[in-house]
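Each chain, written out:
There are 2 protein chains.
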Amino acid sequence: MSELRKDIIGGRWVIIAAERSKRPDDFRRSTEVKKKEKGKFCPFCPGNENKTPPEVFAVREKGTKANQPGWLVRVVPNKFPALQRGQTPFIQKSDDGLFFWMEGIGVHEVIIESPDHNRELADLSIGHLEKIIETYRSRMIEIQAEKQYKYIHLFKNKGPEAGASLAHPHSQIVATPIVPKRNLEELKSSSELKERFGQCIFCRLIEEELKRGERLVYQNDHFCVFTPFASRFPFELRLYPRRHSPWFSEIDMAEINSLARTLKLVLYQIKEVLADPPYNFYIHQGPNPNSGRDCPNGVKEYYHWHLEIIPILSRVAGFEWGTGFYINPISPEAAAEFLRPKK
Amino acid sequence: MSELRKDIIGGRWVIIAAERSKRPDDFRRSTEVKKKEKGKFCPFCPGNENKTPPEVFAVREKGTKANQPGWLVRVVPNKFPALQRGQTPFIQKSDDGLFFWMEGIGVHEVIIESPDHNRELADLSIGHLEKIIETYRSRMIEIQAEKQYKYIHLFKNKGPEAGASLAHPHSQIVATPIVPKRNLEELKSSSELKERFGQCIFCRLIEEELKRGERLVYQNDHFCVFTPFASRFPFELRLYPRRHSPWFSEIDMAEINSLARTLKLVLYQIKEVLADPPYNFYIHQGPNPNSGRDCPNGVKEYYHWHLEIIPILSRVAGFEWGTGFYINPISPEAAAEFLRPKK
Chain Z
1 MSELRKDIIG
11 GRWVIIAAER
21 SKRPDDFRRS
31 TEVKKKEKGK
41 FCPFCPGNEN
51 KTPPEVFAVR
61 EKGTKANQPG
71 WLVRVVPNKF
81 PALQRGQTPF
91 IQKSDDGLFF
101 WMEGIGVHEV
111 IIESPDHNRE
121 LADLSIGHLE
131 KIIETYRSRM
141 IEIQAEKQYK
151 YIHLFKNKGP
161 EAGASLAHPH
171 SQIVATPIVP
181 KRNLEELKSS
191 SELKERFGQC
201 IFCRLIEEEL
211 KRGERLVYQN
221 DHFCVFTPFA
231 SRFPFELRLY
241 PRRHSPWFSE
251 IDMAEINSLA
261 RTLKLVLYQI
271 KEVLADPPYN
281 FYIHQGPNPN
291 SGRDCPNGVK
301 EYYHWHLEII
311 PILSRVAGFE
321 WGTGFYINPI
331 SPEAAAEFLR
341 PKK
Chain B
1 MSELRKDIIG
11 GRWVIIAAER
21 SKRPDDFRRS
31 TEVKKKEKGK
41 FCPFCPGNEN
51 KTPPEVFAVR
61 EKGTKANQPG
71 WLVRVVPNKF
81 PALQRGQTPF
91 IQKSDDGLFF
101 WMEGIGVHEV
111 IIESPDHNRE
121 LADLSIGHLE
131 KIIETYRSRM
141 IEIQAEKQYK
151 YIHLFKNKGP
161 EAGASLAHPH
171 SQIVATPIVP
181 KRNLEELKSS
191 SELKERFGQC
201 IFCRLIEEEL
211 KRGERLVYQN
221 DHFCVFTPFA
231 SRFPFELRLY
241 PRRHSPWFSE
251 IDMAEINSLA
261 RTLKLVLYQI
271 KEVLADPPYN
281 FYIHQGPNPN
291 SGRDCPNGVK
301 EYYHWHLEII
311 PILSRVAGFE
321 WGTGFYINPI
331 SPEAAAEFLR
341 PKK
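So the sequences go chain by chain: Z and B. So that you can map any letter, position 257 of the first sequence is 257 in the working numbering, and since no number is skipped, the others follow by simple counting. So that you can map any letter, position 22 of the second sequence is 22 in the working numbering, and since no number is skipped, the others follow by simple counting.
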């Protein structure tokens, strides 16, 4: 089992998942090795269902059996999980008070988005995207039921440069036994800003961005997409539901359809305008609503779930690592102009 | 001139340096393009001194002229600076209180480490490394004299995957008109931990790591190097001066010699053990001691400068971007064992 460790000065936890790999040779030029892996056996393709742990959920054609072909979307536990299911771990502490750690308890699942090895989200039908989003919601609801999973993080890595170790299109869910530092910061800040502005700061920003329009890329009945005013990365995007809601799991069917159309459009624009770059996306939401005091009551009022998309076009370097300060070589207004669909 | 912008929710500033590049085509597959640039003209090689802005400092053979060959280490302003020299900028604010920005005032210099295009720090002599470190100190002292530069960040990117846009070995200095978020957090945390432990938390950790030894990679009279207990990245290293000091500029000649030996050894170990990977390193230090209230008096007692080295062996992906939580596939104890010089 992996271990969580806390950096006493930085205040952040890390996951030491040492089982995943052991010797320096495993790290040597790992990127180059991966490029050679094209055409290799794929455990996510139909017919290879027995090469993954047994599925925990699937959208299937009627009459097909679990762990057999016939699925449209399939969810399996990660074969090399960063965290494993279990009960709330105890935080342990060295006698000198300097070192803190706990067992690596959590959930790590893979959502295989399509049977087709070569079709990315931008290439799928709206109906197929709806099934993927319904699957996201369904997994969130099931994992939320267990209170020891304090935060549920859903994300996608597309392309080796974005950290994908397998090419077959997939997303991942990692549920952690603590609320991660970055999410805690956003909660604290949005709680303070709710006091200052008298309303959810995300609702306020959405209102203003829709009015200004200069960073707006797309909007429909339920969602809007814009480039953030202080974008860290070129062509970074934020996708917000217009209805205030702290948790992704509260999305309804009309919103699922709207989100499918929004995602397809913006991922298609990224693909076309930026020549199919690698990208990451992830959802930010409130802590697990069933996790007790890790999810204070106020979260309902001041937090607003959203999805962040980062095309991988530049490298993070010594300046950014050292300061947390980013240098972005294109203005968010110019990026929005390029990404906005042309009539 | 570039612009600094603040993310009201995340609390972090970013630099929008839009002059540096403009169209989506400039971002398309930028990594692949860079690989093809090998063998291209190099503005940092001797003989091409007129292709950079005029030098602001150099270590030169006696009798050679500024901006002519004959230098061992050469410092020039960055030709495409992220920030430009000027007076303290005013923070500006939109009427609705949502958007904050200021002029991109600061310093951005390049330290060309050697006339030799192909010799990296690990390949240079101790004497040459001493000259580079003396240059670092000299630039720090000069930039610190101007109080509008609140924080001075020195860093190195080696290899395109680490963000280096030119292959010729070089480091960079960026001085910013605010203290960056990550450094502010470390200052706040080390101030609190000083109260709790009754001594500088870095001095305390160094003591403990030297005693335990399991994460120690190297030590000499003035420096020690270990893998942090909660390492974010495989083979991440921290290099600490044993003498308590908040600012790099306070380093003395004996320490410069010791640091040259320490850097050469650990960079050589990284090169040998990990097959010459790309890497980033950067110095963390207190805010500019001449910057007034941005550098509270207590900094002297609770902050301790250090150098962090990150070999680029894995990719930052959607999990890390979304949560600030890192998954490290090798334990810091195993990493230290591999990197420790064999007798």
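Simulated from the structure, these hints should not be mistaken for laboratory data. Each hint should be verified, as a subset may be incorrect.
If chains are identical, the list can't say which one is meant, so a pair holds when it fits in one copy or spans any two.
[As the list claims (entries may be wrong)] Derived DSS-like pairs: lysine-lysine, alpha-carbon spacing no greater than 25 Å straight-line:
| id | residue 1 | residue 2 |
| --- | --- | --- |
| 1 | Lys181 | Lys6 |
| 2 | Lys65 | Lys188 |
| 3 | Lys62 | Lys6 |
| 4 | Lys51 | Lys181 |
| 5 | Lys6 | Lys194 |
| 6 | Lys79 | Lys51 |
| 7 | Lys51 | Lys6 |
| 8 | Lys271 | Lys51 |
| 9 | Lys343 | Lys194 |
| 10 | Lys51 | Lys264 |
| 11 | Lys342 | Lys62 |
| 12 | Lys343 | Lys300 |
| 13 | Lys271 | Lys6 |
| 14 | Lys40 | Lys194 |
| 15 | Lys181 | Lys93 |
| 16 | Lys62 | Lys188 |
| 17 | Lys93 | Lys342 |
| 18 | Lys65 | Lys343 |
| 19 | Lys300 | Lys342 |
| 20 | Lys79 | Lys65 |
| 21 | Lys342 | Lys188 |
Quick caveat, the model's predicted, so the values are computed rather than measured.
The hints, checked one at a time:
1. Within a single copy, Lys181 and Lys6 get their C-alpha atoms as close as 11 Å, and across copies as close as 19 Å, so both meet the 25 Å cut-off.
2. For the identical chains of this complex, Lys65 and Lys188 are neighbours neither inside a copy (46 Å) nor across copies (56 Å), given an alpha-carbon limit of 25 Å.
3. Taking identical chains as interchangeable, the C-alpha atoms of Lys62 and Lys6 are never at most 25 Å apart, the minima being 47 Å within one chain and 52 Å between chains.
4. Taking the closest pair of Cα atoms, Lys51 and Lys181 never come within 25 Å of each other, the shortest separation being 35 Å inside a single copy and 45 Å across copies.
5. Proximity of Lys6 and Lys194 under a CA criterion of 25 Å is satisfied inter-copy only: 18 Å between copies versus 30 Å inside one chain copy.
6. Within a single copy, Lys79 and Lys51 get their C-alpha atoms as close as 9 Å, which meets the 25 Å cut-off; across copies the closest is 53 Å, which misses it.
7. With identical chains, the CA atoms of Lys51 and Lys6 are never at most 25 Å apart, being 34 Å at best within one copy and 47 Å at best between copies.
8. In this homomeric assembly, Lys271 and Lys51 never come within 25 Å of each other (Cα to Cα): the closest approach is 31 Å inside a single copy and 37 Å across copies.
9. Proximity of Lys343 to Lys194 under the C-alpha cut-off of 25 Å is found in neither arrangement, the shortest distances being 37 Å within a copy and 60 Å between copies.
10. Taking the shortest alpha-carbon separations for Lys51 and Lys264, neither the intra-copy value of 30 Å nor the inter-copy value of 46 Å comes in at or below 25 Å.
11. With identical chains, the CA atoms of Lys342 and Lys62 are never at most 25 Å apart, being 40 Å at best within one copy and 62 Å at best between copies.
12. Proximity of Lys343 and Lys300 under a CA criterion of 25 Å is satisfied in neither setting, with 38 Å inside one chain copy and 60 Å between copies.
13. Within a single copy, Lys271 and Lys6 get their C-alpha atoms no closer than 38 Å, and across copies no closer than 29 Å, so neither meets the 25 Å cut-off.
14. For the identical chains of this complex, Lys40 and Lys194 are neighbours neither inside a copy (51 Å) nor across copies (54 Å), given an alpha-carbon limit of 25 Å.
15. Taking the closest pair of Cα atoms, Lys181 and Lys93 come within 25 Å of each other only inside a single copy of the chain (19 Å); across copies the shortest separation is 28 Å, beyond that limit.
16. Within a single copy, Lys62 and Lys188 get their C-alpha atoms no closer than 46 Å, and across copies no closer than 59 Å, so neither meets the 25 Å cut-off.
17. In the homo-oligomer, the alpha carbons of Lys93 and Lys342 never lie at most 25 Å apart, since the shortest distance is 57 Å inside one protomer and 32 Å across protomers.
18. Taking CA atoms no more than 25 Å apart as the test, Lys65 paired with Lys343 passes in neither setting, with 45 Å inside one copy and 60 Å between copies.
19. In this homomeric assembly, Lys300 and Lys342 never come within 25 Å of each other (Cα to Cα): the closest approach is 37 Å inside a single copy and 57 Å across copies.
20. In this assembly of identical chains, Lys79 and Lys65 lie within 25 Å of each other by CA distance solely inside one copy; the values are 21 Å within and 63 Å between copies.
21. In this assembly of identical chains, Lys342 and Lys188 lie within 25 Å of each other by CA distance neither inside one copy nor across copies; the values are 39 Å within and 48 Å between.
Checked against the numbered hints above, the structure violates hints 2, 3, 4, 7, 8, 9, 10, 11, 12, 13, 14, 16, 17, 18, 19 and 21; every other hint is satisfied.
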